[in-house]
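Chemist: If you want the building blocks of each chain, they are given just below.
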Amino acid sequence: MKYKTLAIADPAKLIYGRAPRPIKTRRGMCIGGGLIYPELNFTLPDINIRKEAMPEIVRHYQQIVTEALERAAELEAPGVMLEFETLPPMTEHPALGMEVVNILLEGIEDAHDKYGLKAALRCTPNDNREFVRPPLMRSGRYWDAMLELFDQSAAAGAEFLSIESVGGKELHDDALVNGDLRAVLFSLCVMGVRDMKFIWDHIVAITAKHGVHAAGDTACGFGNTAMVLAERKMIPRVFAAVVRAVTAVRSLVAYECGAVGPGKDCGYENPVLKAITGCPMSMEGKTAACAHLSPMGNLAAATADLWSNESVQNIKLLGGMAPTCYMEQLVYDCRLMNTAAAEGEASALQMRDWLVKSDAGRDPQAMILTPESSITIAHAIVQAPSHYAAGIAAARAAVKILRETNEAGCLRIDAREAGWLDRMDDELDDMPHTEDAFIEEMMDEVDLEKFTPADYGL
Amino acid sequence: MSTIEDLKTAVINGRRKDVQTLVPELLESGIEPAALLSQALIPAMGVVGERFKKNEVFVPEMLVSARAMKEAMNILEPKLLEAGIRPEHTAVIGTVEGDLHDIGKNLVATMWKGAGFDVIDLGVNVSPARFIEAIEEHKPHIVGLSALLTTTMPAMRDTVAAIREAGHSAVKLLIGGAPITQSYADEIGADGYSRDAASAVDAAKAALGI
Ligand code: B1M
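Sequence order for the protein chains is B and P.
Heads up, the first sequence is in the numbering used here, so the first residue is 1 and it goes up one at a time.
Heads up, the second sequence is in the numbering used here, so the first residue is 1 and it goes up one at a time.
Warning: the hint list may mix true and false statements.
[Claimed, not checked] Here are the simulated DSSO-like cross-link-like pairs (lysine-lysine), alpha carbons at most 27 Å apart as the crow flies:
1) B:Lys233 - P:Lys70
2) B:Lys233 - P:Lys205
3) P:Lys113 - B:Lys450
4) B:Lys2 - B:Lys13
5) B:Lys13 - B:Lys450
6) P:Lys205 - B:Lys450
7) B:Lys233 - P:Lys139
8) B:Lys357 - B:Lys13
9) B:Lys357 - B:Lys316
Honestly, the hints are just simulated from the structure, not real lab data.
Just chain P, with the same shape it has in the complex:
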């Protein structure tokens, strides 16, 4: 009989086909969807994230695991919703206005998804108004802003100010990107900064106090 551990291993190794058979099998054996999420999928991505942090795997290998997790989520999500279970944390992420760089931002989004966050990715060249609209629509706990150009750092500052001015004082703002530093985060009033995707989960958890 298959176990939760088998599912975890299949996700770590990115074996999508195995995931497709394991998830229904485990559900049929009576295991709750929420347990599969919290005991197999999230810990699996935690292992992969750790390996990535230690440079033991490359991004393509990490993404194979992420896709395996997504495969499982496609089956689990409707069941979780039916049971009234929503992800504990929601995040909105985007690259600020005027900036088209998104590889780093996409990696951060992948890591957050792997940690079980519900991630709404607004894409690139996102205006302050669009961020605010998304905050009002999705009520996220955290908003991630990415900027790669020195000339779009002011747009990041403007976005942070606009979000606060719009009265969203509780949402945690996390920023990152090659020219961004902790002191810039402090200066513009962001709640957190992370220098790479691998530490973006820790930074988000720290900002949320979890």
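Isolated chain B (complex conformation):
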């Protein structure tokens, strides 16, 4: 464990737009330096992505970047991050991905020339390693193509590199639908942590080579899958909330390997990571309802340094093309928060607290991501001697927060979920003392056809 203390230990300092380790972009945005900026993410409508369709695909991305940045400039956005989260064939065939990267970079340059708009590009290739089953985690054509796209996009001018990596997910989906916290801990803190170390050492080497930023990972496939399942009433919300706390341990590894942020939008665990690392973070919430529903649309903004819409198709809405409409919404969200901050610390805190209070008592996941709870969980993580112990400590801290806030009448927990807190406590009590003992036990229990232990150094 690299981090032994917190970069932000005082909840009053865990606030939007400010991070102890801000990042400057080439065009002069300072992320985490006082302002919150919009981060726009976009995707294609239904199109079969293949070579022949590239002219149409190119037209979509050209339209997205031109119209959305024009609107950002008209609304006087102080700066904009564009995230190009590729679609799987664009990483599988880096030449396709690079065609889009170049269009977006040109669009960014044009908007700077025409309007003086400060914008930067985050490139997020797909982690396609699981296209083969069991996944090939450390070699093979999917691994090679992913590294190639990272390398080429950084060389072309993408300033930030991110990924939603999937190491450990082979067992995690089943762990979720079975409500099995032990298996969650194994997937995230044993398998996930090992894979993160492997993948992020490679990404950081690429960013160092090109002088760009390693911006961080997210446990999207873990924490957000849990959150969406809970939103659909398929698994208990308290369980999804505890899973979220544990995801912070996995995502932290990117920063331990040298990532500097801004952490990726769909990492709802990012407030915990901001408290530990001091790096700026992107978040998504109410303005990402175009992509998925969440129980903390306001609260997510409270500690964000970039504010994202997560993903929207390039389709026509009444106001204009959807990415342009979402750019407008993001710019207005950020403008309001920046206006509050410009009036001084007290106003910024007031704004933050309204964002927090409007959600926190209504949902367990929201409650464990308030600034106070995030710092409690962050503390539990940095005090632990290993990632394994940190996972257990984060889960325990989350269960405790849920129990106490519920008992104090600050958090509503559905009656049929109450028993799950005891169930999770029991599971945590039964966890072996050492990681080695845990691994030994789990190797007898897990389905070894689903993953290759050697790919995790197991």
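On the provided structure of chain B, position chain P with the ligand as indicated by the hints.
Modeler: Chain P with the ligand in isolation, oriented as in the chain B frame:
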């Protein structure tokens, strides 16, 4: 003496150990394997499915019941086969080519199994050729296609077209997934659509006219 009702209750409550003792006991008392299936197991999963539909139980609780049913089936299946009894309906299911999302598809498969269908799950990233191969091998009554990405919806369309072009006009094609709608199903010539796992059994039965 134990009854069929006891077995049904044990499956509803996911009590695998009880199922392991009840099934042999009931068989020994002279009850036919087919009766245990049709009077205890399938109705039990029907009750659980209803509770799930009404948000009275979570998926983990539903899966505990599904595993209890599987426990019973492990004992019953060889006996049913011996007696020449096969499930009335066979289904093949998979997530279309290019798409790796499978949680929703797995839930649909679980619900279909609970309804007594013999389900062959082809997994994720399934090519049209693989679907056709499976249709020719298993002769299913129904084929379920799942897609979660807008960019794999065309693969769903291609799969439906390829299955029909290969001459499999009788097999019922049911589709689903977050971006899928009834009108998309109509547009690509699928026989049915369901918006969630809970209604996938009804949709399959409607497509099969049962
Ligand atoms: C046969 O008959 C039937 C009948 C009914 C059927 C049916 C078949 N199939 C489903 N149903 C229906 O019944 C089910 C049960 O009620 C329901 O199934 P669902 O699957 O809808 O519901 C599940 C029970 C719970 N829902 C889910 O499991 C999906 C949730 C969301 C958040 C989601 C998840 C979890 C994941 N993802 Co993905 N993911 C999203 C999803 C957001 C959303 N709004 O859906 C979506 C679909 N993903 C998206 C993306 C972009 C991606 N994902 C990807 C990966 C993943 C994870 C692996 C991390 C994970 C999948 C885990 C898994 N094993 O399935 C990548 C693609 C991988 C690939 N090649 O497929 C990646 C490309 C991300 C990336 N940059 O790498 C977006 C799609 C955008 C688009 N253009 O369409 C997305 C909307 C998220 C977003 N907001 O951006 C019904 O739809």
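Chemist: Hints the structure violates: just list their numbers, smallest first.
Modeler: 5, 6, 7, 9
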